[in-house]
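There are 2 protein chains.
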Amino acid sequence: MSERIEADYLIETAYALDAAAEAMAGEQSSGTFVPVPGETPELKARAAAVVERIEDLGPVAAASLPGAGKPDGAHRLAQVTLSWPLANTGPSLPNLMATVAGNLFELKFFSGIRLLDIRLPDAFASTYAGPAFGVAGTRRLSGVEGRPLIGTIVKPSVGFTPDETADLVRTLCDAGIDFIKDDELQADGPSCPFADRAQAVMHVVNDHAERTGKKVMYAFNLTGEVEEMRERHDLVRDLGGTCVMASLNGVGLVGMTALRRHAELPIHAHRNGWGALSRHPLLGFSYVAWSKFWRLAGADHMHVNGIANKFCEPDESVIASARSCLTPMFEDKPCVAMPVFSSGQSAKQAPATWAALGSTDLIFAAGGGIMGHPQGPAAGVASLREAWEAAMSGAALEDYARSRPALAAAIGARA
Amino acid sequence: MSERIEADYLIETAYALDAAAEAMAGEQSSGTFVPVPGETPELKARAAAVVERIEDLGPVAAASLPGAGKPDGAHRLAQVTLSWPLANTGPSLPNLMATVAGNLFELKFFSGIRLLDIRLPDAFASTYAGPAFGVAGTRRLSGVEGRPLIGTIVKPSVGFTPDETADLVRTLCDAGIDFIKDDELQADGPSCPFADRAQAVMHVVNDHAERTGKKVMYAFNLTGEVEEMRERHDLVRDLGGTCVMASLNGVGLVGMTALRRHAELPIHAHRNGWGALSRHPLLGFSYVAWSKFWRLAGADHMHVNGIANKFCEPDESVIASARSCLTPMFEDKPCVAMPVFSSGQSAKQAPATWAALGSTDLIFAAGGGIMGHPQGPAAGVASLREAWEAAMSGAALEDYARSRPALAAAIGARA
Chain F
1 MSERIEADYL IETAYALDAA AEAMAGEQSS GTFVPVPGET PELKARAAAV
51 VERIEDLGPV AAASLPGAGK PDGAHRLAQV TLSWPLANTG PSLPNLMATV
101 AGNLFELKFF SGIRLLDIRL PDAFASTYAG PAFGVAGTRR LSGVEGRPLI
151 GTIVKPSVGF TPDETADLVR TLCDAGIDFI KDDELQADGP SCPFADRAQA
201 VMHVVNDHAE RTGKKVMYAF NLTGEVEEMR ERHDLVRDLG GTCVMASLNG
251 VGLVGMTALR RHAELPIHAH RNGWGALSRH PLLGFSYVAW SKFWRLAGAD
301 HMHVNGIANK FCEPDESVIA SARSCLTPMF EDKPCVAMPV FSSGQSAKQA
351 PATWAALGST DLIFAAGGGI MGHPQGPAAG VASLREAWEA AMSGAALEDY
401 ARSRPALAAA IGARA
Chain C
1 MSERIEADYL IETAYALDAA AEAMAGEQSS GTFVPVPGET PELKARAAAV
51 VERIEDLGPV AAASLPGAGK PDGAHRLAQV TLSWPLANTG PSLPNLMATV
101 AGNLFELKFF SGIRLLDIRL PDAFASTYAG PAFGVAGTRR LSGVEGRPLI
151 GTIVKPSVGF TPDETADLVR TLCDAGIDFI KDDELQADGP SCPFADRAQA
201 VMHVVNDHAE RTGKKVMYAF NLTGEVEEMR ERHDLVRDLG GTCVMASLNG
251 VGLVGMTALR RHAELPIHAH RNGWGALSRH PLLGFSYVAW SKFWRLAGAD
301 HMHVNGIANK FCEPDESVIA SARSCLTPMF EDKPCVAMPV FSSGQSAKQA
351 PATWAALGST DLIFAAGGGI MGHPQGPAAG VASLREAWEA AMSGAALEDY
401 ARSRPALAAA IGARA
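In order, the protein sequences belong to chains F and C. Counting with the numbering used here, you get residues 1 to 415 for the letters of the first sequence. Counting with the numbering used here, you get residues 1 to 415 for the letters of the second sequence.
Please note that the accuracy of each hint is not assured.
Stated by the list, open to error - Residues from chain F shown here face chain C by an in silico Cβ test under 8 Å; the list is partial:
1. T32
2. A68
3. P94
4. A98
5. N103
6. K155
7. S157
8. D188
9. G224
10. N249
11. G255
12. T257
13. N272
These are calculated hints, taken from the structure and not from any lab test. Glycine included, C-beta positions come from ideal geometry on N, C-alpha and C.
Generate coordinates for the entire structure from the input sequences, incorporating the hints supplied.
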């Protein structure tokens, strides 16, 4: 990798493509709208962003976003790649954000602008820790090999007391679950204080582990200020817990890096709020670009939604996200994060997920698919494991379900 | 203020308005898509979000965002207010973010969803510091009373060495400037290390202060990891500096709070990246809502763009943002932040800015309007002061410019 930072964008503009691309490059480096004396050729050679590539993707019918300078002009789509010298920012994630995803979203040149991908010099890999556990560490701590971790979320999302949470965890442990996470709405609310919940839950998890040898991985949502996160992490570690969770858009890059530098447990990264950054296809970020910031900062697990999910994201976008999490960022520091499939997931989605991803290195989290299974939570967990066995062996779910009542009930077939 | 958190949203939906509002409330509190045993009436009474108000704003022609569940249905706009018990999250900004601006952006119920405003219980005011300096502290440190601070940005944005930056600062100090800021692209890049720049710049600022009695406020961009920001802050303070700056979307809420808890200087908050969160009018955040998070976290100065700016934002949005920064958030902790007008600002915008805002409690920052003034930077600064004198006295710029050559040149009139 060179000493330049590269970023790919999807743009929509009524201006000439080269002029629009140069406007981006100028705004995000040494360019000035009004020429100033200091903007010398030497300075430009040192600091200017370079337009590396422009690919014209053809005309569009109308402007996608308001505020463009030529709203009635003929708009075109294009993919543009810019590069910057590393010397402008150094290997700093918060400053990289200002450089590749700063003021440019507000430029009048564009009626659409979205960051698609970033490629970073190795200096970033030596500055940031990346995930400490990733796939291998998560498998080691959870004792699950050769298949996805079967997971679930504490539901209702918020409102349980610590003891009620622990009661649900007992049910889930008895059902054979591999992974449980707090909801992102529950961190340290007065109705369910973090410390009380951690103690109550870990009592159950540890008791189950002593009896069965299986330590269920519970991701405790420690989202909070830096010192709060550190204290909560230490409590979980001291109680024998094996995972912590943080809301990325709440803690921010600097909060995430501070957590990672302190953490001795895997960090389960929740993307709530992601829709604001991504839902318009011509604004904000692709997950591929955005998740690279968090993977480098240290996320071990990254939420990617799920196939046939309850939200608005198409399946191909979900799979692209999951694939990118499993694709190395640097040769010597892959920063591979375990993708977390969730949102309306059940046994039915296992074959399509396996077919599209070709990997079992994921957490497959279901809520209603487990707690709502007609034969109870143990059958819910069993149905998910069986669905993945079927998928991995190439058997049709209906065939595999013939001798497996839990799977049969989950897919509405006859066992 | 009650013990409930309130949030207002603009929504667009093809579903019944009450069903859509209930879906938001459910997703962001104790609701579950598949009913689970624990969702009892007692738990709902304790934790459920409540739909407080729905105002139907009428039909729209077509769906604004993709991914909605009924793309071909008849879509309506509405304003919806939800409330949550404080006991769900406690007074925690990162967890508030997950609650009021979390998964709901991805709900299929909506073809448009934007957070318009938030109202918080007093517990937030006692937990977070808010701005330590605000308007009064900024005026005290800069010695500017009764008019806006006249400011500028180091341009070119990035590429200057520390000595070249200091040379420009000398020119600007001699020109009579009140306030200078680093560009958001320049924090601690190898080509212009923070410590070297701070030393070179403060040498000039201190020398100018000794000679003239005027200490120019320079906002040093210390955006970085928590420890880096603390070290850089301490260096600026030790050198006699009076302001630091951070990129909000780079450092995040937790980084900002960590900086504020350490800081002894005003924090100049840069909003670069804001366009990704706001540019589509039916997605993301209004500035009024978003800025409240940062004001409470401790921002003393908040960027609001400017009238007739070079970006895509309409003037009425700019003024609404600035007004909100000057509107108290809590009775005992107003969290008033000084709005920073910038982007293509010159003498010409002073009258409209004064007329719309009715306050001089702002930083009025111009780049080309100062360095590009035909009579030089001192005339550029003078023209901005004169334009504000004219505006505040009710004189037309052209009349006021008759005896003032700097202003005359700035507005293209004859002195």
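Here is how each hint holds up against the structure:
1. T32: holds (5 Å)
2. A68: holds (7 Å)
3. P94: holds (3 Å)
4. A98: It holds, given that the least Cβ distance between A98/F and chain C is near 5 Å, below 8 Å.
5. N103: holds (5 Å)
6. K155: Nearest chain C Cβ about 5 Å off; hint holds.
7. S157: With Cβ-Cβ at 6 Å, under 8 Å, it holds.
8. D188: At 6 Å from the nearest chain C Cβ, D188/F passes the 8 Å test, so the hint holds.
9. G224: holds (6 Å)
10. N249: holds (6 Å)
11. G255: Where the cut-off is 8 Å and the nearest Cβ of chain C is about 3 Å from G255/F, the hint holds.
12. T257: With a closest approach of 5 Å, the T257/F hint holds.
13. N272: With a closest approach of 4 Å, the N272/F hint holds.
Against the hints set out earlier in the document, no violation occurs for any number.
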